[in-house]
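S.K.: Chains as they are written, first to last, in my numbering: chain F, 42 to 774; chain Y, 42 to 774.
Warning: the hint list may mix true and false statements.
Since the list can't tell identical chains apart, any single copy or any two copies may satisfy a pair.
[Said to hold, decoys possible] Under the rule of at most 27 Å between Cα atoms (straight-line distance), these lysine-lysine pairs were calculated in the BS3-like manner:
#	residue 1	residue 2
1	413	714
2	655	403
3	724	246
4	655	413
5	655	96
6	403	413
7	246	413
None of these hints come from the bench; they were simulated from the model.
There are 2 protein chains.
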Amino acid sequence: MNYFYLVPIASIVALFFAYYFFKRMMRESEGTERMQTIARYVREGAMSYLKQQYKVVTLVFIILALVFAVMAYFGLQNSWVPFAFLTGGFFSGLAGFFGMKTATYASARTANAVQRSLNSGLQIAFRSGAVMGLVVVGLALLDISAWYLILDYFVDDADGGHKLVMITTTMLTFGMGASTQALFARVGGGIYTKAADVGADLVGKVEAGIPEDDPRNPATIADNVGDNVGDVAGMGADLYESYCGSILSTAALGASAFVLNPSMQQNAVFAPMIIAAIGVFLSIIGIFIVRTKEQATMRQLMDALNRGVNVSALLIAISAFGILYLLGFSNWVGLSFSVISGLLAGIIIGQGTEYFTSHSYKPTRMIAESAKTGPATVIISGMGTGFISTVIPVVTIVMAILISYLAAIRFDVTNMMAAENLSMGLYGIAIAAVGMLSTLGITLATDAYGPIADNAGGNAEMSGLDPEVRKRTDALDALGNTTAATGKGFAIGSAALTALALMASYMEEIRIGMLRLGSDVLLFPDGETVEVARASFVDFMNYFQVTLMNPKVLAGIFLGSMMAFLFCGLTMNAVGRAAQRMVEEVRRQFREIQGIMTGETTPDYARCVEISTKGAQREMLLPSLLTIAVPVFVGLLLGVAGVMGLLAGGLGAGFVLAIFMANSGGAWDNAKKYIEEGHLGGKGSEAHKATVVGDTVGDPFKDTSGPSLNILVKLMSMVSIVMAGLTVAWSLL
Amino acid sequence: MNYFYLVPIASIVALFFAYYFFKRMMRESEGTERMQTIARYVREGAMSYLKQQYKVVTLVFIILALVFAVMAYFGLQNSWVPFAFLTGGFFSGLAGFFGMKTATYASARTANAVQRSLNSGLQIAFRSGAVMGLVVVGLALLDISAWYLILDYFVDDADGGHKLVMITTTMLTFGMGASTQALFARVGGGIYTKAADVGADLVGKVEAGIPEDDPRNPATIADNVGDNVGDVAGMGADLYESYCGSILSTAALGASAFVLNPSMQQNAVFAPMIIAAIGVFLSIIGIFIVRTKEQATMRQLMDALNRGVNVSALLIAISAFGILYLLGFSNWVGLSFSVISGLLAGIIIGQGTEYFTSHSYKPTRMIAESAKTGPATVIISGMGTGFISTVIPVVTIVMAILISYLAAIRFDVTNMMAAENLSMGLYGIAIAAVGMLSTLGITLATDAYGPIADNAGGNAEMSGLDPEVRKRTDALDALGNTTAATGKGFAIGSAALTALALMASYMEEIRIGMLRLGSDVLLFPDGETVEVARASFVDFMNYFQVTLMNPKVLAGIFLGSMMAFLFCGLTMNAVGRAAQRMVEEVRRQFREIQGIMTGETTPDYARCVEISTKGAQREMLLPSLLTIAVPVFVGLLLGVAGVMGLLAGGLGAGFVLAIFMANSGGAWDNAKKYIEEGHLGGKGSEAHKATVVGDTVGDPFKDTSGPSLNILVKLMSMVSIVMAGLTVAWSLL
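Just chain F, same shape as in the assembly (with noise of 0.2 Å):
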């Protein structure tokens, strides 16, 4: 219990530093007047639509917590869960909120900041993403630790090994919580985002032939909102539900592998806690390596930020060695081998993102190439690339899985799957998703400053500052994109780890359930019986039949597959439909408010955030409460098998289809930068129409359908996992 302690001392650490960075951004100079107004109009914006976001969020999270309160009402569920799932969602959509307030408040400054010199605009924007990076983690372990004690507390110490069990079961339910919260701000700030970026560029380049963020476009406000509510707000929400899952769906692992131990039980799920409990301290001493002298060079700010990730990552490598080592885990060199191939998966996965995407690398190029023959061959190699470029992440992905289950097993690999084994290995991949998450704090920052300095950019054009300073936030947003590969890397990696570790996590809450409803025996057909509580996971793949011949298993396997594909259609129409209607409001004011082309006017900025609020709030329902209701369906007509099957095959092609469609949209829209620099013809050229066009086909598959479908991966798990009970007591085949 000791130890333990470290976890909400870190996350006070972290809540602290968080307040200070802000604090000092907030110090700085917003600017001219003019450049003060357009900062409150993205302001107040962002505000309002999440202002709106949270009341429809707000009455789906009431009900599902008066369907879970029924649940326990009928011993379906324990009665802690409906507050663990509030509690989830709430912090979840805090920590969006914070960061988003934030950005909102340093594009200004940032702008502002870059007239000085490059670097001092870095340290606002770096350190002002660093904000979120924190808020992030401290709320995340403040949220586990509190439940931790509480639950400590309360639960009943039954029998054995069964109390720890019980806890983490019961504290990945507010997992869910967060993946719900999550969901509904990812895809309803992709949508957001999306509409108003593809509205205002539709009617403003390409009719109007205006530049990107002039303030005669109506739509740029919304544009730049867009930005702040989904790639900073939206952002948030889903790595907060990525690191708490991770840490919850190991802790589940831990209590179940080390059942029959109790001393080790205990610090098999603290082991996860405590390891981002270290990774907040690194990922802070990492922030404060991010600096560099005054006048450098777009090289040198790299490396500083890249030193700043670098020397977090190889600080917790080591790291894992001396915690496994002192929580006394016999195999703590397997296991920390287990970290660090997590860690180098995660770097792998960004590298590779990295060479597919980057303008440096021959891909892209060739994408830009193909621009001489038109739009269609653009789209063509743009999706011929991003079809491969699945490849490194996939092979990456599965020597992860393989390495770190085997290295937590000490490399056993005549007696892999015996069921001590199995156990293991499950929790050794599940704390290589812990490792990858661990320094959280610094490559979030590198992330989140990105639409940081994309907003500076916003804020700079629009207050008609000199052009040299969009150049330089420029600069700074092409550094973002850099390094934020890494952070994808991260991102995508630690998901599907953290999937496989749920489809586990599933299993104890299947025993869970099993027992609250009195089913305390397996009984085989061969008659043999193993006791419910004492099941090891390859009784259970034995009893529920979970092998890949059972026709329930593979119906859910098409079925999760298709989820994948059908929810990115959802939200891709949803995005066309939206921006359709931003064209229309656009238009609109060019045609009937005079003088808005000749600047004498100010369009009406503030319809245009409206119609994108409201399209992304009416647009975001249907593919979230699918991803929820989905679920639960499989379970009650297919049962376990087909729970797990729809899991895997959701996972599967989810997993691919997200990589897909971030690095075609990724490579898009770096192949119309290339020519934007002056290649092939250069801006305003055919070749650059044709560039034009993939990026505005790529714009919602990076921005809305693919960063969502990581999320989906994880709710549809998150919620087999709460339902479980329902599965246990009511399957029909």
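With the hints as your guide, set chain Y onto chain F.
M.R.: Just chain Y, lined up with the frame of chain F:
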């Protein structure tokens, strides 16, 4: 054995009628001299392509046959395998060859006949399509009955029901020959046709502003050749493979399900063959039903086609009851419902395809609407629609799997995974696929006559016939697209069911492999032992731990999903590159050869044919060889569990991805046609240009990557089956 002779008889009858229809078609006039010349150009181009294609494929076949011979030498396979493999490939290629030869003779004749009346054109085109349908089923049943008789004569009647297991698992390996041939045909043909099409359109339509199929376009002959090698020869080889695969895997599962009941085992092996044989007779009846009065309207023609297909389907549904009753199955009623569930699934999937891709319905019209805001929104909405369109086929196939399984085991829900039920249920799934494909003779005719009508239109255009002729061939083509939707439903649905059956057959091959290597006993961790020869599928699943918690299975699922995406990426990029070369050549000819545009000089058609041929040959190798190599490596690295994961992941993601690509492509094509019919500004408007971009992107979607995915999924299973011995002997983990 008596009923068995229906199979060779059906084969000969099918080939006889194919010959008869061919001869009747050849008696028709090929029209003016110009029409004959154009037809000869296309015919020669197509034949020169096939010649080149068969050279490359023969080399691959020889190498693979040598590999199998070496494996047989080392006792990892039986010595029939290399020969069975070669005949499968040979007959599959032959089916494509005959189909294409017929099509290239039929197109000018159709153009000529359509001058008389729509019905005359339909008769020639449809009966020429029927030649291919009947050649495919005739050759397949010939190959199947010949090999059955050979193996029945030579294989020792060792112990009990073992002989039929040996025969059927050996016969499966000629399925690999057919699959390999089909993959090369589909990929090579698909790259060829789309490189020519995209190349011709980009320079001809977009840059030079001349209409489709204009004789001044140097790539126009290559484009017409492409329709023949891709849509006809490729499709013929593809469906030959599906047809054989479904029959052979059902036979193998029948031999296994009834291994303890020798009298029924024989009939269980014959059942799929006999259903197919009866299907041949019913298809011929259906083909003769397709006739209508000379001056028929489009509506009447469509009714005539539908009547033919529906009568055949209805009759086979009824016959199933009789056949299965006469063969003495105690569950004949249930198995007949399995057949019917397969047939219904095919029809529903076809209707869904129709709904999502025809411009009579909302989804495609919405895509056309989105053209008002340019190509980017066309692409976004087309992809969104394609993603969503996967729901109907997936839900349908899931229902078909569950119903055909449960019907076969008499809805024994509480015991559905007991060993004997599992075997019987899988047999039910497999026979559902056979039912779906049993009337292939006629459904393939409705599919294959489309490209013939299309080519007839090309011929009419190039020969300068009255525009009314072109209109009529277009109408025939459109009609073909509608009826072909059902054909596609059957092809996709049967591929999914067959792939499932092949997964089960794989376990059967593992059994044979173990026996061949002298592993007679499965030793379980708890000390229990089961004889390999008598082990059930459930025993194998448990022994190899093919559960969804095994990291090897999960790794396999990831890799399988990735394979589907990688394959799409490679083929998409291949089309992009080959089209690029075509574009350059067409531009060169316009630039260097004087008088093309004025019609004074004939362009160098042969050069374009050559470029497409070389491009296709060069580009088809990598994706095809990967498909063969990956299952082998996964088997060696991750063993049986990894392979099963690979197949399940590939099937789940591949099936959904295939539907997405086919439907997006089809919808884009028809959105363009919708605008060309005069909506939203009609031909030449900005909206039309936007849909041309969509159509161009859709070309490789629906004609290269999409259809090849079906084969990818089945070929990976086939390779695993043939390599099972290697996996058993040498797998690492």
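S.K.: State for each hint whether it applies.
M.R.: Hints, one by one, checked against the model:
In this assembly of identical chains, the alpha carbons of residue 413 and residue 714 lie at most 27 Å apart whether taken from the same copy (15 Å) or from different copies (26 Å). For the homomeric pair residue 655 and residue 403, the shortest alpha-carbon distance between copies (24 Å) is at most 27 Å, but the shortest distance inside one copy (41 Å) is not. Within a single copy, residue 724 and residue 246 get their C-alpha atoms as close as 12 Å, and across copies as close as 26 Å, so both meet the 27 Å cut-off. With identical chains, the CA atoms of residue 655 and residue 413 are at most 27 Å apart between copies only, with a shortest distance of 23 Å across copies and 39 Å within one.
Proximity of residue 655 and residue 96 under a CA criterion of 27 Å is satisfied intra-copy only: 12 Å inside one chain copy versus 61 Å between copies. Within a single copy, residue 403 and residue 413 get their C-alpha atoms as close as 16 Å, which meets the 27 Å cut-off; across copies the closest is 34 Å, which misses it. For the homomeric pair residue 246 and residue 413, the shortest alpha-carbon distances inside one copy (20 Å) and between copies (16 Å) are both at most 27 Å.
The structure fails none of the hints (numbered hints given earlier).
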